[in-house]
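Chemist: Residue numbers (our numbering), protein chains in the order written: chain W, 449 to 1052; chain L, 1288 to 1864.
To be clear, the hints were calculated from the coordinates, so they are not data collected in a lab.
Quick caveat: nothing in here was measured; it's all calculated off a predicted structure.
Every residue gets a Cβ at the ideal spot worked out from N, C-alpha and C, and that includes glycine.
Careful: at least some of the hints might be erroneous.
Over the 12 Å line for every Cβ pair with chain L, so calculated as not near, a few chain W residues [stated by the list, open to error]:
(1) 711
(2) 800
(3) 911
Which bits of chain W does chain L cover? Going by a derived footprint, with three or more residues having C-beta under 8 Å, they are [what the hints assert, rightly or not]:
(4) 518 to 528
(5) 595 to 602
(6) 670 to 680
(7) 713 to 723
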Amino acid sequence: MSSLEKNEQVETTEKSGPAKKKTRVFDETGKRLVREMKPLRGWILLSAFFCLLLIGCAVATPELLGSLIDKLFAWAKDPQPGLAGSLLPGIGILLGIYAVQGGVTYGKYYLLQSIISRFYCAGMRIRLSDKLRRLPVSYMDKTPAGDVIDRMMDDVSDMADSVYGIVDILLSGFLQMIVIAAILFLTDWRMAIPVVLLSPLSVLLSSKMAGLGENHWDKQYELSGKLTALAEEAFTNYPTTKAFNREEELQRKYDALSERQQQSGIRGHFLSSIVQPVIALVNALAYIAVTVVGGWLILHRGMSVGTVATVILFTRQFSGPLERIAFGLGYIQHVKAAAKRVFTILDLPEEPDPSGRVEAPTRGRVEIRHVDFSYDPGKPLIRDLCMDVQPGQKVAIVGPTGAGKTTIVNLLMRFYDFRTGQILIDGRDVSELSRAENRKLFAMVLQDTWLFKGTVAENVAYGSPEATREEIVRACDCAYCDHFIRRLPEGYDTVISEDSTAVSSGQKQLLTIARALLADRPLLILDEATSNVDTRTELLIQKAMDRLMSGRTCFVIAHRLSTIVDADMILVVRDGQIVEQGTHRSLLAQKGFYYELFQSQYAI
Amino acid sequence: MRKLLVYLKPYRGRIALATLLMAVSAVCDLLLPTLMADVLDKGVYGAAEADTFGYILKTAGWMLGISLVSLASVAAGFWVVYHVVAGYTWRLRSALFRKVHTMTLTEVGRIGTSNLVTRTTHDVGTLNWIISAICGEVLIIPLMFLGAVILCMRKDVCLSLIILVIVPVLIAAGMRLGKKIEHLWELADEQCDKQNDLVRERLRGIRVIRAFDRERSAHEKITDATRVMAENFIRANVTMEIIDPAAAFVLNTAALLIVFLGGVRMERGSGLTAGDIFAIIQYINIILGAIVAVSYDIVMLPRIKVAVRRLGQITESTGLEDERPAEGLTFSGAIDLEHAGFTYPDSSLPALSDVDMHIKPGEWVSVIGGTGSGKTTLAELLLAFRAPTEGVLRFDGQDAAKLAPKDIRANVSCSLQKSMLYAGTIAENLRMGRPDATDEELWAALELAQVADFVREQPDGLGFRLEPAGTNVSGGQKQRLAIARAVLKDAPIYIFDDSFSALDFLTEAKVRKALNEKLAGRTRIVITQRVVSAMHSDRIFVLADGALVGAGTHAELLESCSIYREIYLSQTGGGAA
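From just these sequences and the hints, can you work out the full model?
Modeler: What follows is the structure in structure tokens.
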């Protein structure tokens, strides 16, 4: 995807500018970027060879064109017949070189684009994806999905520019510059001096100006973020805005911020766009110097006009790679920032995973012994949690919304590791089991239904990929899904996804129950909350959940009083902590938070 | 597109100025080779032998002057261009923002808020980019081409024909190729979106994926999509990269042709000089540079198309609100729905149908039902966000359709379902409904909503700054602040749509009690899913699948309404007396 990136790179540099701090190009991140290219060695060498060929063409053409022009000037001085004929051999050779040049240029692009896209970008993305498999859930919980996606997509493509940059900018740019400088000096040192002296000036100027523009870009970037947030707020709050008649006030706020954002953009844009013209001016100075020196040499030292013409043509070619290098060196900071973000993910500590397996069929006894846990070391959440759940018993977790009822789920499923204590299933310490083996003991139905893009059958069979169609249909029938699945345009083969409107949110919940039924695990984790569900579907969901619970050891995030009253054990959660533990009766007798919670439902 | 360009109108003069400045610079760039040719021809071989070096110096001075003029005019040109672009962007954004607030809720919902946000940010940015590219790069190309042709014509008509033919052919070919590339880029972008969706899906489903040990298959799916994406990008690039070498080859060949034909014509004595030929070759190089620069912009074409189409959804939207000014009516609080119903434009089933509801001034009623039941639609009817598609809604006996929505909203205070706070201080948020409220009144409202303690704990108290959409307070605090704001507004009718869902029962009971004391005598409509929120009100309306299936007190409904009984039993297990 590199040429796209080549274009976007201009945009992104404009946004962020080259990095502020003057760091060395090849610091740790720089070195690692190069190391990452090792598998591409062969391809890079080949494209470097192409670059060399191109430099050869670039050097040969002004020379040859110059000699043709020389012939024209010579003829002007001393007209001889057969001028046109004498031009033909040179023209033929040049035509050949141009053809080679075109072909090789295309070949180089092709090579670089494909190796970069196919092997570098794709390879890096696949490695990131693989890394995700081994990262703890806590990483996903605290990292917004957009952030991971940005790193996987945008940052990786920025990194790919480093391949392009190293081959095309550093390698071919420097080589071309050196060769051309050498030729300029060999052709005539007196004309070479102004060219070689003036060109670095253009590099200096351009990097200075890019630096100046950067502050404006930072400012604009920040204001853009604010503007987006304001628009987001305004549009999601539309009904409230209208109900309280706040449109005009919001409009004023938005316009004012938008104006500030645009104003800071003007300077940034301006500075970046005059870099090119300033370089052009410096080039023109070189050009003029060559003309003056060349003119003098022709007049007083009898130099041929063709030589001057050659130098002029070389002057044009000398500044090209210089500009590229100046741009590239600034850009590489941007690339390195992207690479750093990608490397951060690749270097994250992975979740340790023991290899223990479950040998005997599980009956479903769960003992929790003195478990301590917290998400944030400073804020202990669960302290000394103990319980003994017999096979087939039901544990209800209750508490106000947002109190942290899912913490228990996180521990049982080993999405998070507890600090001290033990969880035993049928007497076996789970920390000896591999996470996958541990999780295989549980079926899980969360409030936050998750369907992936795939057919209904694939979604239901997610926990049991080998299930036959008959088994899938049976599970769906049990979970009251069969009737609505059959009404879908392609029945069990209808493709659904998270945001498909073909199934309602209640039906999605039923599908996840069917998924758990089909997986048929000895232990069950269930969130009873049903949101966005109409009354009839809610009743179906409850019936399906009851079926699912029967005969299994269950941990239920309970929302129904019937579940709570029937539970063999109730955990009362408040502000993330388990504050009370017992049966319905014992907890009521305790007259604590549970009692208060229970009573408050019926107060006026 | 035309609608989007309207905002450029005030800048016509400045765009012309910018183009002129750019043109001056382009002409200067073209004059340099001409002067160089003069130096070579006249200075070295011409008649001014007496002071040839002086002539060279003089011409060099001219070249320097022209270079400076070129830089000055291009810098001035860019300065103007970016002011135009900034002004244009500002106008466009402002107009879009305004337009969104004149659209109906139905229309806002149809387009979707996140889409509206991308339109005003990302899509406007794309347009901003293309306008600066057009003013800064594209407009000069024809000028440069024209200038080069004119200069060539002066030198030699016959040779200039080569440029005159080749450049347009090259541009036409480039455009044809551009069409093809555009399509390839569309495909590539599509694949990129698919990949994004897959990663997002996987991250969202991390618990389920791990619970069922399916990480491997999730990884494989992404691996496959990544490979396909790479192939698509390669295909687009491979086609795109033809432009650069092909254009270079054609123009270089043209240069050779000019050398040869120039030689032929010199021999025939057409007055053409070697310097002229040299100059023409340089013009070609300049044109080549410009064409290659623009060819890279082709990548953006599909995105521009998408941006224009998406912005059109807003600018061309016809679902507009009734913007009549308020007449300053004051309602008593009587509300009558007579066989009222509402069907969403893209749906065949009504969201509400045949609802007959008569609410007396000062009555406290609850509306209970699940999410699909139509209760939020009902709130939206009462706030004049939607007009009933069947039946009539009346306030004090007057048909709501005949009233200005602004009048209705002035008489209805509300606390709505989701995210309802704004960036700014708590005081600013509270004063939305009553700008002249004193601090004491604010505290009283906060006290009522059981959120005064939280505000007191903040170092800035009422001056505590909320982030956009109130993201720096919890869901429960947001709801309570919204309740305080609703109470602060003085109105005959109050609507609380799902306003207690994030509160625990204890807090809810306290809020409910305080509300009943404070708002006694005002019409109160509590919309909820929870029986406990509804069971104590004067009357309860039960909605299911858009129909009113029961109305009466808690006790009456337990007797007569099976759905209410089901909800009640399922939520309380029958434990409540």
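Chemist: State for each hint whether it applies.
Modeler: Consistency of the hints with the structure:
no.	hint	result
1	711	7 Å, violated
2	800	15 Å, holds
3	911	4 Å, violated
4	518 to 528	holds (count 7)
5	595 to 602	holds (count 4)
6	670 to 680	holds (count 7)
7	713 to 723	holds (count 6)
Hint violations for this structure: numbers 1, 3, all remaining hints satisfied.
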